[in-house]
Amino acid sequence: MNGQGRDNENKAALSIGAKDPKAIPRRTFIQGLSAIGMGSIFFSTGLAKEAKAQSVSTYIDSLSTKQLRTMYTEMLKIRLWETKIKDLALKGGFRGVAHLYVGEEAIAVGVCSALRRDDYIASTHRGHGHLIAKGGDLNLMLAEITHKATGYCKGYGGSLHITDMALGILGMNGIVGAAHLFGAGAAYGIKVKGTDQVVVSFGGDGSIQGSFFTSAANSAATYKLPWISIIENNQFQIWVRCSDVYAVRDLARRADGYGIEGRVVDGNDVLAVYDAAKYAVEKARAGGGPTVIECKTYRWYDHYGFRGSKIGRDGAFGLGYRSDRELREWMAKDPIPRFRRFLVNEKVLTEELADEIVAEVTKAVEDAAAFAKAQPVPKPEDGLSNVFAEGAVPLHKN
Amino acid sequence: MPKSMSYAILEAIQGEMRRDKLLTLLYEYQQPATRWANRSIDLEKEFGRWRARFSAIDENWIVGGALGMSMIGVRAIAHIPSMTTLIPYELMFNHAGKLRHMTGGQAAFPMVLWADMQGRSPFQAGQHADAGLESCYARLAGLKVVIPSNPYDAKGLMISAIRDVDPVVFCQYPVPTSGPDVPDEPYTIPIGQAVVRTQGKDITIVGYARQTLEIAKAVEQLKQRGISAEFIDPRTLAPLEQVMVTIIKSVKKTGKLLTSDDGSYSFCNCTEIIARVAEAVPGVTFKRLAFPDAPPPGAPEMINYMRVSATDIVAAAEKMVRG
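Heads up: the sequence lines are chains L and V, in that order. Residues in the first sequence are numbered from 1 upward in steps of one, following my numbering. Residues in the second sequence are numbered from 1001 upward in steps of one, following my numbering.
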């Protein structure tokens, strides 16, 4: 059944690619980018400046039509799949929890588009987007988030712990900052193995203050590990405003203290994120060591759950710790229509083709919901298995 | 002179590093180099710095790094000094012990946390003379915990720990050289199996690591006083199921269980062993000897009074047997 879900996914991706009747020649994007205010890196920390790193549009220009369309498709998948979760949950009877990523899609897609399939990512509690962007199967993810026996983790993990090790996903992780540390550890393992893979660790703005980030960053810098840390600064640590708990405004500045290049990019601009990530990935592959990239963005929903949201409406309003006006301002910077406008302007997509992609993704999401609903629940006694590789632990009730 | 504990452990790791070309050791200042007779081991020299890597004083890196690399199939050993054995506790509690289960069996951590442990030594005080921390790890689901009492067991348990696909905490208390000679060749001691050190019929005495020296002395003294004690060394503290089979079989025979532990009285690891025997065998007489619920003082007069000695074990056993 799992295999079937994956096949459906592959077919969907293929059919979108097939709707490309005439190849569009490669473009020079720079003019188009500046016209629409995309592709710009806000800020490089001291070390990045010293390294005289190429800053803008070095890599964007080489993106193929197919890659650009895939990026748009992946962003939509994240948006519509998570919106479906929200709607299902608000209807009632939803077997699970969720920390929604909506609004931050450009980061996951920008970063993962710069990776190879055999590269690794380590994800967070807000990680659905990372998994989808790394190739995660919508069906198996939705089955897992509703704790079905055929989900990615057989129902053991749920939303916070979805993993597909075969795609190089070292787990979503419910403990803030852990992804930085395990990612850096995996990067050390890559050096021991002697391959040219890289690891991306995702973390929110709250993930860099605990000791895990320090341990990861210092080791990655000292040993020049192929490690890229993505700080998704959505401006809130649960409900605490970032600026109320950090004295520095640009968190990537911290990178300098470890001897790492830091970048600050517009996290709602998928091309800016891609450009920074691609630079970091190429550098890491060549043995140039780690990079920290801070992506400024905004969380459309509450930290957790669906408070303040409605079926058929985007965003969570009336949350108390933020103003609705602030949310509306950020929703106006929605990364998806912004990217679509750009792709249409650049003739990578037509409006009609873009609509077709929306329809295909909508259908894939509906299929995922139907797939998950039809899946069996786990056997109760399976909770005693997978503690160790072999056997089951005793129940101790008799 | 037989091989020391540290030589036996490094010999185990050396053999496994030759066998598994990716196996990597992360450590702080405890250099993986030692001598015995006319031989020496130097892991950094033999395998290079990438595979035997000293770190900053950063236990979260040593353990977190080892966990991360083990996730991608690079087996790793994380060596942690005794006074900071619990700094990486969160990593073992919330990640090492849980990830296999949380991911439905997809993710594995084939790593070893090699934790140096202290043994209630005088002149150290508080932070550098604590003991019993193995019970903190043994209570965590998903972890295996082994605790050797002599160099022979140390080598066999370390090799088993390295080859295990689940995370293993290897607790090394400073134990003087004793027990059987350590063969040069690799060998394994199965995780999860206790060993009966001395056969007896009047009372069962359970203890591990440094307490095995006190118990061994006590067993001899009890013998001279006409009491036949059966002495069991659990060697593994988690999972405990098979260990308990050995202990329960013994207690069914003797009807009496005395435990001796360098850990603190409350929640020492032997408390768990007593509870499991109490559930399984009716009518048993129990006594738990352990360090008082106090930090270890530095002055020898105080700490030697507080820790469990062979004399304490003899007195408790005599009282239990003769009433």
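It is worth saying that the hints were derived from the structure and are not from the lab. Ideal Cβ placement from N, Cα and C applies to all residues, glycine included. A portion of the hints provided could be inaccurate.
Claimed, not checked - Now the stretches of chain V that chain L is said to cover, found in silico as 3 or more residues with beta-carbon under 8 Å:
(1) 1148 to 1162
(2) 1171 to 1179
(3) 1190 to 1203
(4) 1228 to 1234
(5) 1252 to 1265
Claimed, not checked - Cβ-to-Cβ under 10 Å is the rule here; a few derived chain V residues that face chain L:
(6) Met1001
(7) Leu1022
(8) Leu1023
(9) Gln1030
(10) Glu1046
(11) Trp1050
(12) Arg1051
(13) Arg1053
(14) Ser1055
(15) Ala1107
(16) Val1245
(17) Glu1279
(18) Pro1282
(19) Gly1283
(20) Pro1297
Said to hold, decoys possible - Below, in silico cross-link-like pairs of lysine to any residue (SDA-like), each with a Cα-Cα straight-line distance of 20 Å or less:
(21) Lys191/L / Arg1019/V
(22) Lys191/L / Asp1181/V
(23) Lys1253/V / Arg1197/V
Task: Minimum beta-carbon distance criterion (10 Å), Glu1279/V to chain L - done: Where the cut-off is 10 Å and the nearest Cβ of chain L is about 9 Å from Glu1279/V, the hint holds.
Task: Proposed interface contact between Arg1053/V and chain L, which counts if any beta carbon pair is under 10 Å - done: Holds: closest Cβ of chain L sits about 8 Å from Arg1053/V, inside 10 Å.
TODO: Quickly compare the C-alpha distance for Lys191/L and Arg1019/V to 20 Å and report which way the hint goes.
DONE: The given pair, whose Cα atoms are some 19 Å apart, holds under the 20 Å limit.
Task: Check of the segment 1228 to 1234 of chain V against chain L for coverage (Cβ-Cβ below 8 Å, three residues minimum) - done: It is violated: at least three residues are needed, and the segment 1228 to 1234 of chain V offers just 0 whose Cβ sits closer than 8 Å to chain L.
Task: Satisfaction of the Val1245/V interface hint, Cβ to chain L closer than 10 Å - done: Hint on Val1245/V: violated, closest Cβ of chain L at ~12 Å, above 10 Å.
Open item on the list: Restraint: Ser1055/V near chain L, CB-CB cut 10 Å. Satisfied or not?
Closed with: 7 Å, holds
Open item on the list: Take the shortest C-beta to C-beta distance between Ala1107/V and chain L; is it under 10 Å?
Closed with: The hint holds - Ala1107/V has a Cβ within 10 Å of chain L, the shortest such distance being about 6 Å.
TODO: Starting from Lys191/L, check that the Cα of Asp1181/V is at most 20 Å away, please.
DONE: Measuring from Cα to Cα gives roughly 38 Å; hence the hint is violated.
TODO: Hold the hint about Leu1023/V up to the distance rule: shortest CB distance to chain L must be less than 10 Å.
DONE: 9 Å, holds
Open item on the list: Using the nearest Cβ pair, does Glu1046/V come within less than 10 Å of chain L?
Closed with: 15 Å, violated
Task: Supplied contact hint for Gly1283/V, tested at 10 Å Cβ to chain L - done: With a minimum Cβ separation of about 20 Å from chain L (threshold 10 Å), the hint on Gly1283/V is violated.
Open item on the list: Count the residues of the segment 1148 to 1162 of chain V whose Cβ falls closer than 8 Å to any Cβ of chain L, and tell me whether that reaches three.
Closed with: Check failed, 0 qualifying residues.
When each numbered hint is compared with the structure, violations occur for hints 1, 2, 3, 4, 5, 6, 9, 10, 16, 18, 19, 20 and 22.
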